[in-house]
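Using the sequences and the accompanying hints, generate a full structural model.
Those protein sequences? They're chains S and H, same order as listed. Counting in my numbering, the first sequence runs from 610 upward without gaps. Counting in my numbering, the second sequence runs from 9 upward without gaps.
Since no wrong hints were added, every one of them can be taken at face value.
Dumping the calculated SDA-like pairs for lysine to any residue here, alpha-carbon to alpha-carbon at most 20 Å:
| id | chain 1 | residue 1 | chain 2 | residue 2 |
| --- | --- | --- | --- | --- |
| 1 | H | K142 | S | V639 |
| 2 | H | K78 | S | A616 |
| 3 | H | K121 | S | L631 |
| 4 | H | K78 | S | N622 |
| 5 | S | K707 | H | A140 |
| 6 | H | K117 | S | R628 |
| 7 | H | K121 | S | W635 |
| 8 | H | K117 | S | V639 |
| 9 | H | K117 | S | W635 |
| 10 | H | K142 | S | L648 |
| 11 | H | K121 | S | R628 |
| 12 | H | K121 | S | Q640 |
| 13 | H | K121 | S | L638 |
From the derived model, a few chain H residues whose C-beta atoms are all more than 10 Å from chain S:
| id | residue |
| --- | --- |
| 14 | G30 |
| 15 | V190 |
| 16 | G257 |
| 17 | R286 |
| 18 | L300 |
No lab work stands behind these hints, which were simulated from the structure alone. Since the model is a prediction, treat every value here as computed from it, not as a measurement. Backbone N, C-alpha and C fix where the C-beta goes; we use that ideal spot for every residue, glycine too.
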Amino acid sequence: MATATLAPAPRVNPIQGLRQTLTLAWRTLVQVRHNPFELLDFSIQPIMFLLLFTFVFGGAIYGSPGDYLTFALPGIIVMNMVFVTMYVGLGLNTDLTKGVFDRLRSLPIARWAPLTGRITADLVKQAWSVALLLGVGMILGFRVGTNAMAVFAALALLLVFALAFSWISVLVGVIAKDPEKVQVFSFTALFPLTFVSNVFVPTETMPGWLQAFVKVNPVTILSEATRGLLVGGPVARPVAGSLLWAAIIVGVFAPIAVWAFRRRV
Amino acid sequence: MNHAIWAEGLVRRFGETTALAGVDLAVRTGSVLGLLGPNGAGKTTAVRVLATLLQPDGGHATVGGYDVVKQAHQVRQLIGLTGQFASVDENLTGVENLVLIGRLLGIPKVDAKRRGRELLTEFRIDDAADRAVKTYSGGMRRRLDLAASLVGRPQVLFLDEPTTGLDPVGRVELWDLVRSMVAGGVTVLLTTQYLDEADQLADEIAVIDHGRVIATGTPDELKAKTGAQTLALRPADPADLATVVTIVGELTTSEPETTNGTVMVPITDPAVMPAAVRRLDDAGVTLSELELRRSSLDEVFLSLTGHRTEES
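Shown next as structure tokens:
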């Protein structure tokens, strides 16, 4: 408000940038209140998956729903994380096509704040989804086989991976013509990526040529890491593999996304 | 500072198309410039460059004395932007939208809320303050858009086609709001496709076509230059068209144009009409239609550029 009388500041300081990030994250989360369908999307949908797979397929795949839950829950958490990441791109695209983004860019705020604001909000949604799935899973009989530290490590790993994966979402959000295209992409690219993994069934049950893909699929590796941290079993290798994948995804997609972004705006 | 907005030789290309082909603009502090032109003339691109959303490929511009490229951050602290492209968030309420902007501008939460409510009352959307914007009518959205650009008390306001899509009542309401802002000392750059809108609000008009400013002046100067009114004559017998063109052509400086059996010509001197009627009567030509009306943008364009606006 003081801008009318004081000489304008030459640049944003980083503290202001962080505050703007939080304000924009607040905005993204408040939106959910006026758009309850989105809340259903990242709350009811994962629970449906969980119930469906545990009780419909669990017995057939694993002999008993209870054992299957232990196997599948960590993977379902990973799968859901990948899907929730798409909200970054979806929201970004909506802002770009509806003109909200131009309004934000005309304000004296940090250039990166609209993006970091979205991603911060996304992390809150991610944490909520993980907690929800874990909670419902435990009501259904899932038991953590490790300790609290390992559970936090799993959450941290998931969030790191979500951050990395957000860059793919940003890229899609920037190049897609409208929000519907972002959704089409999520379905056509993310369904195979998440299903052709060992989220729902053990890798050994698949044909050899498919196993080759499943074994390198980041969703598989991250699911194994999450399984190790929540249930028990090997941890070091899949965690290292997950972090490597996260680094590769950032290394490839962040520069392309930023380039595409600069071209679009 | 004499000029709140100053642009010199602005060039901007998008691939093969040249949106701005060397635009010069000067808007005196506290005045209103109407940037008038058809769709695709470069109006929005010009506003986007001046509002720091687009980098020009050539030329330079200052807003409030600050360079829009090198001192973009300073410029952003002085401006407000409303238009077809800079919008509010549909999934927030009216008051949330204004609080969001206030918070981003560094206004403390309580003050941002107060300022938001204040603006909503002033713009008569206080009844809908706590409803999501997607439930708003077109007019309410435009008013909220305008309110959103005023949260930071800007010195320079860009309004990109502020009334496009509004009904006549909504237009007049918005005009009143713009006038009250101007009374508060804000400099306004307004783009429009409507001559009457520029006429109503602007101290000066710049006519833009194909990325170039082709005429500038006060509304009166421009009308004097282009013909404020158009005379339309339709002979009862189409065979008389040539006679009508000849007679009217002798009375005016502009070249009459014939479309669908009607002869039209922009005129500046009101005496032309009775003179034309007299001489046509002498020549024995019967008119089935005779009309003197305000020039449309299309006709202003025609007389300025020699071509019609492409859209219409």
